[in-house]
Amino acid sequence: MLVQLVQSILVVVLAVTVSVVYFIAGNWILDRWSAKSNTPKAEKIRPWIFLFPALFLISLYLLYPAFETLRLSFFNNSGREFVGMQNYLWLFQDEQMRTTLRNNFLWLIIVPLLSTFFGLIIATLSDRVWWGAFAKTLVFMPMAISFVGASVIWKFIYDLRSTDADQIGLLNAIVVALGGEPMAWITIPFWNNFFLMVVLIWIQTGFAMVILSAALRGLSNEVIEASRMDGANEFQIFYKIMVPQILPTIIVVWTTITVIVLKVFDIVVAMTNGQWDTGVLANLMFDWMFRAADFGRGSVIALMILLGVIPIMYLNIKRLKQEDEI
Amino acid sequence: MSSIKLNNLYKDYGQTNVIKGVDVEINSGEFVVIVGPSGCGKSTLLRMIAGLEKITSGTIEIDDKVVNDIDPAKRNVAMVFQSYALYPHLSIYENIAFGLKIAKVDKEIITQKVLSVANTLELVDQLNKLPKQLSGGQRQRVAIARALVREPKVFLFDEPLSNLDAGLRVNTRIELAKLHQSISATMIYVTHDQVEALTLAEKIVVLNEGEIEQFGTPMELYFNPKNKFIAGFIGSPKMNFIKASILNVNKNDCKVMVLDKVVDQSFPISNVKTNEDVTLGIRPENLKSVTLEQSLCSGGVELIESLGEYDLIYIRIPQHELLCMKVEIKNEIKMKDVIHLGVDSENVHIFDESSMSKKWP
Amino acid sequence: MMSGLRKLYLASPLRMLTHLLLLFLVVAWTVPTLGLFISSFRTADSIDSTGWWTSLAESSQNKRIRLAEANEQQNIGGQFLIEGVLFEDEKIKIVSFGESFKTFTDTSAGDSLTLKNGTELIISEDGHYQWTSDEVFMHKRGKRIFVNVLIPPTFSLDNYHYVLFSEGLGKAFLNTLTVTIPATIIPILFAAFASYAFSWMQFPGRKILFVIVVALFVVPLQLSLIPLLSLYSSIGAYLDFSAKSYPGVWLAHTGFGLPLAIYILRNYMIGIPREIIQSARVEGASHFQIFVKLILPLSLPALAAFAIFQFLWVWNDLLVAMVFLGTSSDQIVMTTKLRDLMGTYGGDYEILTASAFVSIVVPLTVFLGLQKYFVKGLVSGSIKE
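Residue numbers (this note's numbering), protein chains in the order written: chain A, 398 to 723; chain B, 5 to 365; chain C, 27 to 411.
Chain A on its own, in the form it takes in the complex (with noise of 0.2 Å):
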């Protein structure tokens, strides 16, 4: 078994070795044939040099399969045979792509809303207690779980029992003793879409929480002493003050947990695996793709995905301009 690990680990070492080797030779060279002919087109090689393999790796690995995607999906489930417009009419009247696009939205809605809210909240608290150190600790510790060990940790939660038996399961068990009726709470339908958001939002909120924690640090003393100074209460000076600084922050961690809204697939695929009506885009497209091996109809829901990040794609971009013009 081991042996598996110590190849990795040579495979570490042959390519840090050759890509260091790669690197040098492709300098010394370089240096060589500047010093040879003493202009400056060497310098205009450099660069590339140390470019190659990560553009090299992203354009394989990102660029052309987007335009590829983009290709199949004018193609029948082999990518063989052109069929022109037919998968994009079959995403607008299927009716399961109907509920997973609904579902989706609902996603996008909520879990950036409340892991923002939240974050928002545990920033702003543990900033003013002399354990928040601990507190932000223990938030954001979710963040080192996996999905699908997130989605156990869940499902344990979740479980139901027998009505005679006692529950196991935190939330049924809390339903019990307030009186209620145990369910089983990932198969109601519609419903059940917001218990498999809440392993998310317990996820990105420890995110939200310490990138917000660091604007508001980052916020001038000054200012909030001289809005308290100025008669503003705590309140007033977390809406009115502090908020609007952040603002451009919040927005920042609002499309990063977008972004990962929008990929998410191993939560729905432990929890449900897309059952009772709790499909979204990513697994669709894995069913199709890997289950109906359909790859006009998986490109075409990958598309879908990839025009829910594009808005974003344009404000990192701007965002971009922005810091580079300054």
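Derived from the structure by calculation, the hints contain no laboratory data. Any given hint could turn out to be false.
[To be verified] Calculated cross-link-like contacts (lysine to aspartate or glutamate; reagent style EDC-like; alpha-carbon spacing at most 16 Å):
{"#": "1", "chain 1": "C", "residue 1": "K119", "chain 2": "C", "residue 2": "D152"}
{"#": "2", "chain 1": "B", "residue 1": "K78", "chain 2": "A", "residue 2": "D428"}
{"#": "3", "chain 1": "B", "residue 1": "K9", "chain 2": "B", "residue 2": "D27"}
{"#": "4", "chain 1": "C", "residue 1": "K319", "chain 2": "B", "residue 2": "D68"}
{"#": "5", "chain 1": "A", "residue 1": "K438", "chain 2": "B", "residue 2": "D75"}
{"#": "6", "chain 1": "B", "residue 1": "K334", "chain 2": "B", "residue 2": "D315"}
{"#": "7", "chain 1": "C", "residue 1": "K89", "chain 2": "A", "residue 2": "D563"}
{"#": "8", "chain 1": "B", "residue 1": "K9", "chain 2": "B", "residue 2": "D68"}
{"#": "9", "chain 1": "A", "residue 1": "K438", "chain 2": "B", "residue 2": "D315"}
{"#": "10", "chain 1": "B", "residue 1": "K133", "chain 2": "B", "residue 2": "D110"}
{"#": "11", "chain 1": "B", "residue 1": "K58", "chain 2": "B", "residue 2": "E112"}
{"#": "12", "chain 1": "B", "residue 1": "K78", "chain 2": "A", "residue 2": "E440"}
{"#": "13", "chain 1": "A", "residue 1": "K441", "chain 2": "B", "residue 2": "D75"}
{"#": "14", "chain 1": "A", "residue 1": "K441", "chain 2": "B", "residue 2": "D73"}
{"#": "15", "chain 1": "B", "residue 1": "K247", "chain 2": "B", "residue 2": "D356"}
{"#": "16", "chain 1": "C", "residue 1": "K89", "chain 2": "C", "residue 2": "D132"}
{"#": "17", "chain 1": "C", "residue 1": "K89", "chain 2": "C", "residue 2": "E114"}
{"#": "18", "chain 1": "B", "residue 1": "K58", "chain 2": "A", "residue 2": "E440"}
[Unchecked claim] Covered stretches of chain A (in silico footprint by chain C; criterion: 3 or more residues with CB under 8 Å from a CB of chain C, positions within the stretch not fixed):
{"#": "19", "stretch": "414-428"}
{"#": "20", "stretch": "450-463"}
{"#": "21", "stretch": "484-497"}
{"#": "22", "stretch": "680-693"}
Since we're looking at a predicted model, the values are computed, not measured. Backbone N, C-alpha and C fix where the C-beta goes; we use that ideal spot for every residue, glycine too.
Given the coordinates of chain A, work out where chains B and C should sit on it, guided by the hints.
Only chains B and C this time, still in chain A's reference frame:
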């Protein structure tokens, strides 16, 4: 030691022209200060000499060799940056030795050179420390040591003293002057502080909006400014400017009118026309309190700054900025006194009102 | 700096509310993981019968158990007696017992109960029982009775032992390491060089290329799956090599991770004072020397941040592993394994909790140990300082 020649140098960033045709000749071993208001392009000019900025057109020659396309690494220049630019993760020793190691100098020679330079700049005890453990003045000395150790042809300084506090700045300035005397290397020094320029430089380049206003020795610039800009820029407190118009021109002199008052004094200038507007430039130390009849103009005292050695009296006259007069401390001037200001004719600079260039002396 | 604000704040009546509200939120965020953690040490029986939150106290459980068979009876003066102990474990205390599920709470331990067939049963608290009858016991299988017992909390590593060695999670753990280590280090290497070029070298198209890279890091990797899988299959077929292989996964993670890596590293590198790099250039250093001697050591915090980020992402990834790796025991990673277990052992939480904990223990350790760098990386990636 090398000479440097800048020929018709231009630098554009897109549409903005930063350097517009600069010609300077710097002799070997000279200490030249480039001075000018912020944004005038002085740092850009220095960085072009270092090779850190591309040249749009024109040439830079070091020792009569055009270096336009030569990498900064190969120009054999050393630069001291405003922020010192010490390598934060390397010890002081490593910082000073960096360039020599890059040049693959023999290890023993490196040690020897670093120690010798560290000795000169009193850094021997700091060699094992990291930059962040040093005070501002010490860091600044490390930056100089790093330049010194490479024994370059040319030293470039980019506002090296601006991050130091006032006392340290004066000390380091003296150190730098001494250093130049002892190694007599060519040094080019950029600053916005004209006191630094006047005290350090053998020659000063005054740069304004990418063009050279004047190139000369400190005394030339002080006593014989080419135009109103130089006159106002060099000297502290700065020169007073008073608007005047020419009354009647004689063969060798003329009379002027200031603020509708005919001045009962002849000025030895004749290349003017009657009714022409001019600006009189008078340094604060040349203004004096006189009788109404002898005066150029009169005004109330608005502020008195006592600097111990002398007082600066600020006087308000209509349609002008506050005028400044430098007087000995034993004076009886009080706030709100009305002062009649006069000047000896030979101490007046006369500038053309429209072109700002000097008409006299 | 905070002290002025703090003092004012301490005087405010909101202080208590702040503590309480934060405490509530922190508990809500921590309890789910705690439940998993505690349950993973409990026995299947106790997980099934009581909530994990009761596990620190004695748990009251209802059990069915058979009394001894007829051949163990003794004849004592015309009375027939069967004696025995209900539970081997001495720590288990009997609370009450009965003949059926409905009546087992009626008779307390130590009392005697007349069964339906007229025999008498006494069970003492420690589990010893005496079953007496006037007639000969004729039954073949021991009589089934119901007891309510108190079981003291017991914790063991049995679940871990089982999942690691019998369920194959141990192998999956190694597979995950095999995927993760190269997939973390290779992208760092490539990204560091590219980021240097993007921050400090001049070349035509620098801006637009960087914009493309930044745009790509939000592109869903779902978009890449189908074309890449076809590509892998054809290359695999050509080289007579399985399309699902470790090198394939390493490169896939590298490709997908590079845009973020370049973004984080470039953001950091561009913050290194320009004068330091120019100073090195004036001192004669080449780009390569500047990169190795200045940029790499100075960028260590960002490199560490991305390393942690990528490590967590690869370790926790399910999708890429499902697509580019097989499910045989020499390739399956922990996330895939865990998901399979969820399908196979839907409600067997002794297996699921222990497996889940095995899968999170490494990232959790990395995360808690290097949290500072991770936070720094996240922040520098999101907020331009």
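query: Checked against the structure, which of the hints given earlier come out wrong?
result: 4, 9, 10, 11, 21
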